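Enquirer: Take these sequences, add in the hints, and give me the full structure.
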Amino acid sequence: MSELRELYQEVIIDHGRHPRNFGVLENATKQQEGFNPLCGDKIILFVRENDGVFLDLKFDGCGCAISMASASLMTECLKGKTIKEIQDIFNLFHRWVMNETDSDLSQEKLGKLAVLGGVREFPSRVKCATLAWHTLKAVLEGEKLQVTTE
Amino acid sequence: MQTYKNDFPILKQAIHGKPLVYLDSSATTQKPECVIEAISNYYCNDHANVHRGVYELSERATRLYEKTRKKVQWFINAAHAHEIIFTRGATESINLVAQSYGRSHFKAGDEVILSVMEHHSNIVPWQMLQNQIGIELKIIPVSDAGELEMAAYEKLFSPRTKMVAISHASNVLGTLNPLKKIIEMAHAQNVPVLVDGAAAFSHISLDMQALDCDFYVFSAHKAYGPTGVGVLYGKTALLERMPPYQGGGSMIERVSLEKTTYAELPYKFEAGTPAIADVIGFYSALHYLEKVGMKAIAEHEQALLHYATSKLAAISGLRILGTAKEKVGVLSFVLEGIHPHDIGTILDSEGVAIRAGHHCAMPLMDRYKIPACVRVSFGLYNSKEDVDALMTGMKKVLEVFK
Ligand SMILES: Cc1ncc(COP(=O)(O)O)c(C=O)c1O
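Protein chains in written order, with numbering that gives the first Met the number 0: chain A, 0 to 149; chain B, 0 to 401.
There are no misleading hints in this set.
In silico DSS-like cross-links for lysine-lysine, where the CA-CA straight-line distance does not exceed 30 Å:
(1) K161/B - K106/B
(2) K29/A - K368/B
(3) K394/B - K41/A
It should be emphasised that the hints constitute simulated quantities derived from the structure, not laboratory data. Treat the numbers as computed from the prediction; the structure is a model and nothing was measured.
Expert: In structure tokens, the structure reads:
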């Protein structure tokens with residue numbers, strides 16, 4: 000039960016149920032679809048970028064509480080950040096949920112995103128937490144095609 | 000209510016400190032001890048390649064392998080043992096028919112009738128033919144209750160219809176389709192019928208001769224047998240007209256470097272060394288089903304289905320998908336505001352194994368405008384206590400998401 004509580008923390012239930020930055024971003028400069036073929040979860044990430052800064056982000060789609068909360072928290076966290084900063088956050092987050100914890104990876108650095116660390120005890124749910132981030136990576140790398148978590 | 004739980008060693012374990020409650024038999028069933036023992040015995044005592052050696056061991060292996068073919072024939076009341084072809088599973092059986100029968104009998108513009116409720120394995124092989132030779136697919140719609148729209152089905156036939164490929168039971172909705180009628184209507188137009196029986200075999204008794212279908216496919220692993228074994232039943236006349244699906248050893252009569260003549264049925268379609276031990280293990284599974292009795296199995300599953308349906312339907316915001324009059328022991332649902340995966344994870348923490356997702360039936364998910372659903376499916380080892388454990392788990396789901 001404690002592992003389950005760790006996974007379904009209040010922040011996750013809240014963001015899963017009431018995702019922030021949800022919907023279509025009208026003046027987006029980039030848009031990327033992400034898909035988890037295993038479960039059918041799908042998101043579209045919209046970004047308005049100017050001069051290497053992500054001025055605004057929104058996402059649309061459907062999925063479980065974990066994938067929705069992850070996308071919601073991600074868009075919140077990345078708003079106003081530079082591409083360089085975003086790359087760093089991506090790397091930190093990836094290590095955090097993939098259980099590559101080491102000394103320089105402290106919870107403070109991740110802020111609110113740290114709540115998603117609960118998936119570490121649920122290997123089959125890691126992909127739910129990383130779907131939005133895979134999609135983000137494709138935006139950073141300028142891929143056109145739909146990306147998948149596979 | 001009698002259960003057969005004790006026959007299944009795997010069910011004696013705890014998951015996260017709770018007794019394992021396995022409710023995913025539609026994906027694959029667990030194996031009774033007799034099947035596990037049969038495989039072990041075979042490897043300890045009888046293993047050799049089949050149809051090859053003149054020595055005692057090979058003859059023994061061949062005898063056991065062929066005995067399973069006879070058993071399957073008897074089990075589904077096929078007219079001949081050579082109409083039973085061993086494959087890797089239902090999926091391979093369908094691909095075999097699509098590639099062998101389809102490619103040799105269909106031309107561009109010919110039509111195959113499927114339904115919205117098909118498993119991907121009865122959609123994709125036909126779509127491959129669509130790409131390869133330009134056939135067209137016609138789709139039977141499904142009602143809100145999860146039943147085939149038979150009036151629409153009748154209208155799909157045209158002079159170009161060359162095959163009807165339809166599931167006997169839906170692996171998501173549980174619906175048992177009116178096969179007899181479906182087949183009669185197709186035969187009235189001289190169209191052969193392939194039945195995907197993966198979700199029906201092992202739930203109800205079957206009679207190929209009474210049903211009069213042209214092809215029937217299923218997987219052993221969904222019928223208490225081993226993985227890696229499936230069956231293609233086909234009528235002799237059709238199988239004889241079909242070219243081999245794969246080339247190799249065992250499927251030949253004579254090979255020279257210029258020309259090869261093929262073996263007789265069923266060997267023409269069994270190239271290479273088959274899953275011998277698993278086929279032999281399947282014999283024990285069929286023997287086990289026979290001992291319990293198909294009628295008893297169907298009654299047991301129906302009792303569980305009704306019990307679980309009434310319990311789940313009482314949860315507010317829960318919608319059951321598939322309310323057909325005739326169903327196998329499969330119960331799918333969605334719960335307002337809570338995603339199936341979250342339900343799956345929380346139930347797992349209570350030791351309850353269910354499936355959450357699209358169940359390899361994405362077109363059906365689209366039909367009901369849902370991304371995924373929860374599926375509970377029963378086997379003969381389940382009991383009312385298992386349903387009670389599911390309900391305890393559902394309470395916890397509601398608690399976490401309150
Ligand atoms: C209705 C139906 N058809 C076909 C299949 C495919 O069976 P297999 O994966 O054993 O080949 C399944 C398995 O889930 C099924 O439920």
